Amino acid sequence: MAVDATQLCKFSQTLVEPGATEVELRAASSRAYYAAYHSLLWLGALLPPSDSYDDRSRHIGHRELKRRISEWKTEGLHDGLASLKVVKQQVALALESARKFREACDYQLDESVSFNEANAQVERARRILRHAQQFRDIVYPEPAESDVSA
Amino acid sequence: MAQAVAQTIYRDLRSQAHRLLTTGKPTDFEVRRLSGDLEKLAGVDAMGALEIKATLAAVRGDHEASVQLFDGLLAATGGEARFLRRATQVAAVTGQTLRLKALYDHYLAGLELPVDWKREIGQLLGFNGWYRESVRIQGELRAIGEDPGTKDTNWLSFAEPIAEDEGEELPGFASRTSATDVLDVNGVADEEVALLFSKSITLLRAWALPPAAARTINVVHEDSTSGIFVSFMVKGNVDDVAEAEWSLFGELAADAPPVLLNGVISIGVLACQGEARGS
Numbered sequence: 030m031a032v033d034a035t036q037l038c039k040f041s042q043t044l045v046e047p048g049a050t051e052v053e054l055r056a057a058s059s060r061a062y063y064a065a066y067h068s069l070l071w072l073g074a075l076l077p078p079s080d081s082y083d084d085r086s087r088h089i090g091h092r093e094l095k096r097r098i099s100e101w102k103t104e105g106l107h108d109g110l111a112s113l114k115v116v117k118q119q120v121a122l123a124l125e126s127a128r129k130f131r132e133a134c135d136y137q138l139d140e141s142v143s144f145n146e147a148n149a150q151v152e153r154a155r156r157i158l159r160h161a162q163q164f165r166d167i168v169y170p171e172p173a174e175s176d177v178s179a
Numbered sequence: 418m419a420q421a422v423a424q425t426i427y428r429d430l431r432s433q434a435h436r437l438l439t440t441g442k443p444t445d446f447e448v449r450r451l452s453g454d455l456e457k458l459a460g461v462d463a464m465g466a467l468e469i470k471a472t473l474a475a476v477r478g479d480h481e482a483s484v485q486l487f488d489g490l491l492a493a494t495g496g497e498a499r500f501l502r503r504a505t506q507v508a509a510v511t512g513q514t515l516r517l518k519a520l521y522d523h524y525l526a527g528l529e530l531p532v533d534w535k536r537e538i539g540q541l542l543g544f545n546g547w548y549r550e551s552v553r554i555q556g557e558l559r560a561i562g563e564d565p566g567t568k569d570t571n572w573l574s575f576a577e578p579i580a581e582d583e584g585e586e587l588p589g590f591a592s593r594t595s596a597t598d599v600l601d602v603n604g605v606a607d608e609e610v611a612l613l614f615s616k617s618i619t620l621l622r623a624w625a626l627p628p629a630a631a632r633t634i635n636v637v638h639e640d641s642t643s644g645i646f647v648s649f650m651v652k653g654n655v656d657d658v659a660e661a662e663w664s665l666f667g668e669l670a671a672d673a674p675p676v677l678l679n680g681v682i683s684i685g686v687l688a689c690q691g692e693a694r695g696s
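The listed protein sequences derive, respectively, from chains A and B. Position in the first sequence (first residue = 1) + 29 = this note's numbering. Position in the second sequence (first residue = 1) + 417 = this note's numbering.
Honestly, the hints are just simulated from the structure, not real lab data. Since no wrong hints were added, every one of them can be taken at face value.
Derived DEER-like restraints, expressed as beta-carbon distance ranges:
#1 B/E668 <-> A/H88: 31 to 39 Å
#2 A/L138 <-> B/N679: 21 to 29 Å
#3 B/K442 <-> A/I167: 32 to 40 Å
#4 A/T43 <-> B/T425: 49 to 57 Å
#5 A/R165 <-> B/D601: 39 to 47 Å
#6 B/D598 <-> A/L138: 18 to 26 Å
#7 A/L138 <-> B/D656: 24 to 32 Å
#8 B/Y524 <-> A/S112: 44 to 52 Å
#9 A/I167 <-> B/A560: 53 to 61 Å
#10 A/R85 <-> B/V655: 39 to 47 Å
#11 B/E608 <-> A/R85: 32 to 40 Å
Computed from a predicted model, the values in this text were never measured in an experiment. Don't be surprised by glycine CBs; every beta carbon is placed ideally from N, CA and C.
Construct the entire structure; sequences and hints are all you get.
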């Protein structure tokens, strides 16, 4: 992989500094969303299509990813995911908030974007990444040391 | 002379009650001390004392008592403007969104209000998620050449009818007018939004992060669907506020409100420490 979600998120953080221009704040907010999106894409690919998935699209778009996380059809994936119903809903809502703010940043140039808003977007993305890692650790657990030595 | 003294006491206590209402989480000690000071006022301005008592009930989170006191006050004074205005402010600031709308419908809807009050009520309704009525009021103000309360970045400022020399930091409210279209297209009832706002404001206040503003951005997605992103603006450090946002997501999802889960409305919480209002 040439670049990963963590790198995108770290890059967005570097842009949100006191004195940053609005262009930088918008770019940071946009990259932060994509960091969040990509951190969950692997899981979206493992989860079954949402109830409203259009088979013709053949890819996991922004809305579909959020729906798959929200519907959380984890049967057959890993038992450890089933209990994370609150967390998955937090992740789904955070992802949707981040998505909306990203679209405002990218498409609505007449809307002002503040330092605080960009900062909040980066924090939102960081928390999504943290929980994406939690999901990954459940689905792909590190082999125990005894297993490795064996 | 006595009246001037009474007015001074009233303004002082009212200012203190307002501070408790809008900043952080007041301690029991602060509320008790102010309640004790009300005795001084009650002897010279019973109605004024009742207003502050009703405000303090709201500060304590005893909304039932606050409503009873305000309703008694409004009945006794024939809906006197200053008390009515205060009752709507208290309802809005504390997230009693249905109460705000009930007061508005009962006392204010259809009346020719002074421009500054009309502007304020439009802001309060918007802050509580009553977008359709808020937008309608803003449209009426524009039609008569008045500022609906927006600046170039769609910020509204909320002016309280206290003398300007009070120097208080008052809450500001922001609203974007195209939210009505989003709600219409998605078939969302006003009450659904108001209840979502009520829970959000109530929880944030309980966590000592009372919202001082709500910025609304209307978004048209790439697939041509639309939604609203609301940022409740609070004073606090970035990390604490980000954690509060995360907790809020969990609490809001527990009720499974369709308007939130289907993505028509999304919520955010914004740390505004150090950022000038309206910038």
